[in-house]
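Protein chains: 2
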Amino acid sequence: MRKLREAIRATGNPSVVGLDPTDALLPAVLLRDAGSLEDKAEAYYAFNCAIIDAVADIVPAVKPQIAMYEALGPAGVAVYARTNAYAQAQGLYVLGDIKRGDIGSTAAAYAAHLSVDVWHEDAVTVNPYLGSDGITPFVDAAEEYDKDIFVLAKTSNPSSSELQDLPVSDGGMTLAEHVGGLIEQWGGASSSSSSSSSTGYSRVGAVVGATHPEAGAQLRALMPHTFFLVPGYGAQGGTAAGLAGFFDSAGSGALINSSRGIIGAWRARPEAFDSLSTSAALEMVGTAAREAAVAMREDITTALRERTKESA
Amino acid sequence: MRKLREAIRATGNPSVVGLDPTDALLPAVLLRDAGSLEDKAEAYYAFNCAIIDAVADIVPAVKPQIAMYEALGPAGVAVYARTNAYAQAQGLYVLGDIKRGDIGSTAAAYAAHLSVDVWHEDAVTVNPYLGSDGITPFVDAAEEYDKDIFVLAKTSNPSSSELQDLPVSDGGMTLAEHVGGLIEQWGGASSSSSSSSSTGYSRVGAVVGATHPEAGAQLRALMPHTFFLVPGYGAQGGTAAGLAGFFDSAGSGALINSSRGIIGAWRARPEAFDSLSTSAALEMVGTAAREAAVAMREDITTALRERTKESA
Numbered sequence: 001m002r003k004l005r006e007a008i009r010a011t012g013n014p015s016v017v018g019l020d021p022t023d024a025l026l027p028a029v030l031l032r033d034a035g036s037l038e039d040k041a042e043a044y045y046a047f048n049c050a051i052i053d054a055v056a057d058i059v060p061a062v063k064p065q066i067a068m069y070e071a072l073g074p075a076g077v078a079v080y081a082r083t084n085a086y087a088q089a090q091g092l093y094v095l096g097d098i099k100r101g102d103i104g105s106t107a108a109a110y111a112a113h114l115s116v117d118v119w120h121e122d123a124v125t126v127n128p129y130l131g132s133d134g135i136t137p138f139v140d141a142a143e144e145y146d147k148d149i150f151v152l153a154k155t156s157n158p159s160s161s162e163l164q165d166l167p168v169s170d171g172g173m174t175l176a177e178h179v180g181g182l183i184e185q186w187g188g189a190s191s192s193s194s195s196s197s198s199t200g201y202s203r204v205g206a207v208v209g210a211t212h213p214e215a216g217a218q219l220r221a222l223m224p225h226t227f228f229l230v231p232g233y234g235a236q237g238g239t240a241a242g243l244a245g246f247f248d249s250a251g252s253g254a255l256i257n258s259s260r261g262i263i264g265a266w267r268a269r270p271e272a273f274d275s276l277s278t279s280a281a282l283e284m285v286g287t288a289a290r291e292a293a294v295a296m297r298e299d300i301t302t303a304l305r306e307r308t309k310e311s312a
Numbered sequence: 001m002r003k004l005r006e007a008i009r010a011t012g013n014p015s016v017v018g019l020d021p022t023d024a025l026l027p028a029v030l031l032r033d034a035g036s037l038e039d040k041a042e043a044y045y046a047f048n049c050a051i052i053d054a055v056a057d058i059v060p061a062v063k064p065q066i067a068m069y070e071a072l073g074p075a076g077v078a079v080y081a082r083t084n085a086y087a088q089a090q091g092l093y094v095l096g097d098i099k100r101g102d103i104g105s106t107a108a109a110y111a112a113h114l115s116v117d118v119w120h121e122d123a124v125t126v127n128p129y130l131g132s133d134g135i136t137p138f139v140d141a142a143e144e145y146d147k148d149i150f151v152l153a154k155t156s157n158p159s160s161s162e163l164q165d166l167p168v169s170d171g172g173m174t175l176a177e178h179v180g181g182l183i184e185q186w187g188g189a190s191s192s193s194s195s196s197s198s199t200g201y202s203r204v205g206a207v208v209g210a211t212h213p214e215a216g217a218q219l220r221a222l223m224p225h226t227f228f229l230v231p232g233y234g235a236q237g238g239t240a241a242g243l244a245g246f247f248d249s250a251g252s253g254a255l256i257n258s259s260r261g262i263i264g265a266w267r268a269r270p271e272a273f274d275s276l277s278t279s280a281a282l283e284m285v286g287t288a289a290r291e292a293a294v295a296m297r298e299d300i301t302t303a304l305r306e307r308t309k310e311s312a
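Chains S and B supply the protein sequences, listed in that same order. First residue of the first sequence: 1, per the numbering used here; consecutive thereafter. First residue of the second sequence: 1, per the numbering used here; consecutive thereafter.
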């Protein structure tokens with residue numbers, strides 16, 4: 001988490017912009033001439049670049065959700081990789097939200113996301129349902145190539161309770177907490193690396209949804225060496241006040257994601273786009289995204305300052 | 001599962017060939033001139049087509065594992081889609097082993113695998129860790145486009161026990177069994193469709209590893225409307241004798257996967273490839289795959305006949 005933490009420090013901003021384009025999140029003019037999936041993928045790329053250009057100096061990271069690109073087929077997946085490369089070239093930490101997970105030999109193939117210089121990700125998200133042998137290949141690749149992974153623990157969606165809140169021990173520990181313990185173990189295996197242990201956080205982070213502030217605070221206490229990726233702020237209902245408990249006492253240890261709230265910020269004034277050219281629309285998209293990213297930074301850092309005051 | 005069951009009936013063969021190419025599974029001559037990831041992806045494609053041509057009349061289905069293609073970057077993913085298209089054109093049911101899973105809005109984007117005619121899959125595998133709202137978009141797409149999904153219940157890998165065998169109820173029900181119950185529910189929501197209910201199995205199948213024969217038989221009893229995809233036969237240690245319990249009393253309800261055992265069958269005589277041309281090597285790969293697929297069909301159908309005799 002060294003690179004991520006340095007980027008957070010440099011920007012004073014523990015938030016990440018989700019690059020999850022959909023047709024509804026693009027001004028209509030950008031899709032007007034998109035007759036094929038390839039054309040649409042190019043429109044997504046132009047949209048992403050406009051967002052990246054607008055926020056690169058004020059956020060530490062972007063998180064492209066590969067599902068949005070897979071929805072366009074192979075051409076979309078190619079634009080996912082190009083988006084990542086463009087973001088990295090602007091100095092951003094790229095967190096690929098791919099949520100992969102499989103048996104050991106297959107997980108080793110997926111771990112190429114971190115080892116082969118073609119996807120341009122600094123970290124990826126992974127799914128723990130298959131247990132350690134589905135995770136270890138990612139940890140090994142992260143270790144070798146100085147990258148990170150974030151394992152799903154407690155996700156932000158309403159039905160996350162169906163599996164993740166099930167009690168799995170006599171003491172009432174939930175499945176998400178059990179996974180939290182495994183994540184600490186998986187991270188421990190990697191913390192021998194000086195580049196990881198020097199930060200206090202291992203290379204193995206956790207995904208913990210902003211929509212569950214109580215679970216977040218509990219997992220924070222259970223997982224002192226685990227950096228949290230926190231989706232669900234904004235559009236999904238998570239608030240800055242609820243987020244303080246996801247951070248450690250020094251105000252570190254968490255990265256808050258917003259996707260629609262940033263990349264769709266332009267929709268607050270859709271009428272302004274009525275007669276714009278493509279390039280003017282992209283500029284307006286970027287301006288609105290930047291304003292929203294600045295507002296989010298203020299929202300989060302204010303909540304963190306107030307928490308520090310309270311505990312002082 | 002209508003199309004799959006018809007294909008199984010037509011071939012008399014409840015098995016599926018895993019198209020999971022890796023460098024080690026290709027004869028060296030096929031990769032000799034592969035200087036780039038694009039070249040390698042083309043070699044994988046030629047390899048896959050040789051396998052498909054050799055087995056198309058004796059197996060009902062193929063199961064490409066997308067991880068093996070993602071390992072080559074976007075060029076590999078494009079070959080995944082082309083492989084699927086080629087297999088469908090030869091009349092095969094294509095089961096895309098993608099194990100996707102995410103929150104509702106993202107799962108809806110992933111469900112494009114079933115709804116957009118670009119990935120050429122008849123079914124996909126999905127991961128249940130996020131609960132119903134991560135599954136429902138796939139069920140809806142399967143319903144609308146007459147396709148199927150297979151949800152991970154009990155996977156074939158050794159560490160599947162870490163989460164999937166945890167007791168989640170006072171009665172000692174495991175997480176995998178709990179997921180089994182959810183799968184029956186998710187399938188029930190789709191069984192209103194006549195094309196599904198007429199088969200007795202819903203569109204929502206389950207992944208249950210061949211390496212766990214006891215768990216397989218227990219899940220079979222718990223999940224009467226759920227078709228099983230059974231990985232782990234052969235290279236991972238599952239045997240035909242252990243497989244009978246994954247089928248229903250009529251000898252239906254399961255599809256057994258073999259990957260390395262079929263596509264890597266040529267490796268039994270590596271010296272035969274020493275001076276072969278690319279086309280001769282591909283032909284030998286196909287011949288060995290066909291022999292292995294025939295042997296697997298015999299192995300499984302014999303075990304099923306013996307089970308029927310025992311119960312008679």
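Keep in mind the hints are simulated off the structure, nothing from the lab. Be aware that a few hints might be false.
[Said to hold, decoys possible] Calculated Cβ distances over 12 angstroms to all of chain B for the following chain S residues: (1) Arg-5; (2) Ala-67; (3) Arg-100; (4) Val-179; (5) Pro-231; (6) Thr-239; (7) Arg-290; (8) Ala-295.
[To be verified] Ranges of calculated distance between the beta carbons of each label pair, as one might list FRET restraints: (9) S/Glu-214 <-> B/Leu-222: 29 to 35 angstroms; (10) B/Ala-280 <-> S/Thr-278: 51 to 57 angstroms; (11) B/Thr-301 <-> S/Gly-181: 19 to 25 angstroms.
Since the structure is predicted, the reported quantities are computational estimates derived from the model, not experimental observations. Ideal placement from N, C-alpha and C gives every residue a C-beta, glycine not left out.
Hint by hint, here is what the structure shows:
With a minimum CB-CB distance of about 26 angstroms to chain B, S/Arg-5 clears the 12 angstroms threshold, and the non-interface call stands. A Cβ of chain B approaches the Cβ of S/Ala-67 within 12 angstroms, the least distance being about 4 angstroms, so the stated non-interface status is violated. Remark: the non-interface label on S/Arg-100 conflicts with the geometry, its nearest Cβ contact in chain B lying 7 angstroms away (cut-off 12 angstroms). The Cβ of S/Val-179 does not lie farther than 12 angstroms from every Cβ of chain B; its closest approach is about 7 angstroms, which violates its non-interface assignment.
Its closest Cβ contact with chain B, about 8 angstroms, brings S/Pro-231 to no more than 12 angstroms, contrary to its assignment away from the interface. Every Cβ of chain B is farther than 12 angstroms from the Cβ of S/Thr-239; the closest lies at roughly 18 angstroms, confirming the non-interface assignment. S/Arg-290, annotated as away from the interface, keeps every beta carbon of chain B farther than 12 angstroms; the closest lies near 24 angstroms. Under the 12 angstroms C-beta cut-off, the non-interface status given to S/Ala-295 relative to chain B holds; the minimum distance is some 22 angstroms.
Take S/Glu-214 and B/Leu-222: their Cβ atoms lie about 33 angstroms apart, and the range 29 to 35 angstroms holds. Between B/Ala-280 and S/Thr-278, the C-beta spacing of about 53 angstroms keeps the proposed range 51 to 57 angstroms intact. Between B/Thr-301 and S/Gly-181 the beta carbon distance is about 45 angstroms. The supplied range of 19 to 25 angstroms is therefore violated.
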